[in-house]
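Please take these sequences and the hints and turn them into a complete structure.
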Amino acid sequence: MSERILHLLLLVAVAWGVTFTLRAIPFILFAGRDREIPKSVERFGAIVSPVIITCLIVYSYAGLEWRTAWPYLAGALTIGLQLWKGNPLASILAGTVLYMVLLGCCGCQTSTVAFKQDIAHPLIHVTRHGLAFVTPDEDGKFKSVPVTPEEAVERLEDLGVPKTATIYVQVDDPDASQRALWVFKNNYLSRAGYTKSAWVTPRRAESGTAERLNSNLQDRKIPFEGRTFTPGQSGRTYRGRGARDF
Amino acid sequence: MMGYVTMGIAAGVLLAAKGDVPCPPLWAALISATVVSGTLSFAIVPAFAASDSALAVALLTLGINFRYAFYGFSLLGRWRTVPLPLKLFLVNSLSDEIYALDVACRLKDPARYRYYCMWNHYLCWLYWLIGPVAGASAGVALPLPTNGIDFAMVALFLVILTDQIKGMVKKNV
Numbered sequence: 001m002s003e004r005i006l007h008l009l010l011l012v013a014v015a016w017g018v019t020f021t022l023r024a025i026p027f028i029l030f031a032g033r034d035r036e037i038p039k040s041v042e043r044f045g046a047i048v049s050p051v052i053i054t055c056l057i058v059y060s061y062a063g064l065e066w067r068t069a070w071p072y073l074a075g076a077l078t079i080g081l082q083l084w085k086g087n088p089l090a091s092i093l094a095g096t097v098l099y100m101v102l103l104g105c106c107g108c109q110t111s112t113v114a115f116k117q118d119i120a121h122p123l124i125h126v127t128r129h130g131l132a133f134v135t136p137d138e139d140g141k142f143k144s145v146p147v148t149p150e151e152a153v154e155r156l157e158d159l160g161v162p163k164t165a166t167i168y169v170q171v172d173d174p175d176a177s178q179r180a181l182w183v184f185k186n187n188y189l190s191r192a193g194y195t196k197s198a199w200v201t202p203r204r205a206e207s208g209t210a211e212r213l214n215s216n217l218q219d220r221k222i223p224f225e226g227r228t229f230t231p232g233q234s235g236r237t238y239r240g241r242g243a244r245d246f
Numbered sequence: 001m002m003g004y005v006t007m008g009i010a011a012g013v014l015l016a017a018k019g020d021v022p023c024p025p026l027w028a029a030l031i032s033a034t035v036v037s038g039t040l041s042f043a044i045v046p047a048f049a050a051s052d053s054a055l056a057v058a059l060l061t062l063g064i065n066f067r068y069a070f071y072g073f074s075l076l077g078r079w080r081t082v083p084l085p086l087k088l089f090l091v092n093s094l095s096d097e098i099y100a101l102d103v104a105c106r107l108k109d110p111a112r113y114r115y116y117c118m119w120n121h122y123l124c125w126l127y128w129l130i131g132p133v134a135g136a137s138a139g140v141a142l143p144l145p146t147n148g149i150d151f152a153m154v155a156l157f158l159v160i161l162t163d164q165i166k167g168m169v170k171k172n173v
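So the protein sequences, as listed, match chains A and B. Position 19 (the first sequence) corresponds to 19 in this note's numbering; numbering is contiguous. Position 78 (the second sequence) corresponds to 78 in this note's numbering; numbering is contiguous.
Worth double-checking, as some hints may not be accurate.
[What the hints assert, rightly or not] Simulated crosslink set (DSS-like; lysine-lysine; CA at most 27 Å straight-line):
#  : chain 1 : residue 1 : chain 2 : residue 2
1  : A       : 163       : A       : 143
2  : B       : 170       : A       : 39
3  : B       : 108       : B       : 87
4  : A       : 39        : B       : 171
5  : A       : 196       : A       : 143
6  : A       : 85        : B       : 171
7  : B       : 166       : A       : 39
8  : A       : 163       : A       : 196
9  : A       : 143       : B       : 18
10 : B       : 166       : A       : 85
11 : B       : 170       : A       : 85
[To be verified] Covered stretches of chain A, going by a simulated chain B footprint (3 or more residues, C-beta under 8 Å):
#  : segment
12 : 2 to 11
13 : 15 to 27
14 : 44 to 56
15 : 74 to 86
No lab work stands behind these hints: they were computed from the structure. Beta carbons: idealized from backbone N, C-alpha and C, even for Gly.
Structural data, given as structure tokens:
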């Protein structure tokens, strides 16, 4: 954590240094001489500043919900109000409020799933001690947190995993009871709306074939050892090469 | 003054909402005390959240505050007699409205002008300190809706751009 604080302090120091240097440039350059700015420099300054701010605006728009119409509407309102009334505060406030209202009422296009969930990165593990959920630590590393089945489903919903996604459950314990897995799938996952789920063995998840399988999931059929698996149908299990029965 | 404080509050709320900083009011105070620049207070929040490199922030600051390089020219002559420590403070807090006030002041006596500039800069610096700290504290304490508050930054840039283009059009006419 302190490394990040040092980095933030560095950012502030850099911003301060650059700004102070910019402000002090005239005094440094022309110290002792009372000169007028040459006309070309003045014109340069008058042109460059709006250009830079335009670039900034375009760049910031990329960080908003630019696929929808909301930021452009709010931007138009801001500009219009500023031209009409000339009060910068009112314009900023009106534009921001309009944007927030539009976002809240009419929804965002980009769904924010905290981290991806697929066959190579299953979120739920079945261990010797029960269910575990993969969560990011404060440092950004991932660790498994033991959860009850209800908690696992809750966390899935909190993360915003869409109900149409296939939930991959990695079975780390080779002696896991088939019945317990069936209960988890039918009584917890399906009841919460996650009707598609699949079991994954650790070798399957960590092997390179998992990445290849991902690309084949598009057409919902995976050729494997002469047989085809269709993921998502309930009751199907994946078998890695040499995996034991579980 | 009120415009300054209210914009400062918006900057503070944005920092508390989007910037990933521990104890936002402290960081708001730090930023607004050293870098007395409204637009940069807004624009540095996404840089904080994403932990950008120092070079990226340097370029961002260079771009946003580039116009400050041109403010000093008009004040060169009038500030000639200012002693260096005070001059450093005046230079550091040279922001848009402060510059406008300094240039528009019609005091002839250099000592009185110095006094005026000093108080002008100090008060505006104080107002700019109060705004973001209050906003950051409010953002931390109250459950304000923060979905989409990034737009405040874009709106500020749009407003600045509109004013600049309006000024350019007027000068050409």
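For the segment 15 to 27 of chain A, does the count of residues with a C-beta closer than 8 Å to a C-beta of chain B reach 3?
-> Check passed, 11 qualifying residues.
State whether the coverage of the segment 2 to 11 of chain A by chain B holds or is violated, taking the criterion as 3 or more residues with Cβ-Cβ distances under 8 Å.
-> holds (count 6)
Measure nothing beyond the straight line between the CA atoms of residue 143 of chain A and residue 18 of chain B; if it is 27 Å or shorter, mark the hint as holding.
-> Cα-Cα ~25 Å, so holds.
Count the residues of the segment 74 to 86 of chain A with a beta-carbon closer than 8 Å to any beta-carbon of chain B: does the count reach three?
-> This one holds; 6 residues, not fewer than the three required, reach chain B with a Cβ under 8 Å.
Given the proposed pairing of residue 163 of chain A with residue 143 of chain A, does the C-alpha separation stay at or below 27 Å?
-> OK: residue 163 of chain A and residue 143 of chain A at ~24 Å, within 27 Å.
Pairwise hint evaluation, residue 39 of chain A against residue 170 of chain B, where the allowed Cα distance is 27 Å at most | Holds, because 18 Å separates the two Cα atoms, which is no more than 27 Å.
CA of residue 166 of chain B to CA of residue 85 of chain A, is that 27 Å or under?
-> holds (13 Å)
Going straight from one Cα to the other, do residue 163 of chain A and residue 196 of chain A come out at no more than 27 Å?
-> holds (8 Å)
Are the Cα positions of residue 170 of chain B and residue 85 of chain A separated by 27 Å at most?
-> holds (17 Å)
Decide if the proposed pair is consistent with the structure: residue 39 of chain A and residue 171 of chain B, CA atoms, cutoff 27 Å inclusive.
-> holds (14 Å)
Given pair status - residue 39 of chain A, residue 166 of chain B, alpha carbons within 27 Å | holds (20 Å)
Regarding the pair residue 108 of chain B and residue 87 of chain B, is the alpha-carbon distance no greater than 27 Å?
-> holds (18 Å)
Figure legend: structure checked against the earlier numbered hints; every hint is met.
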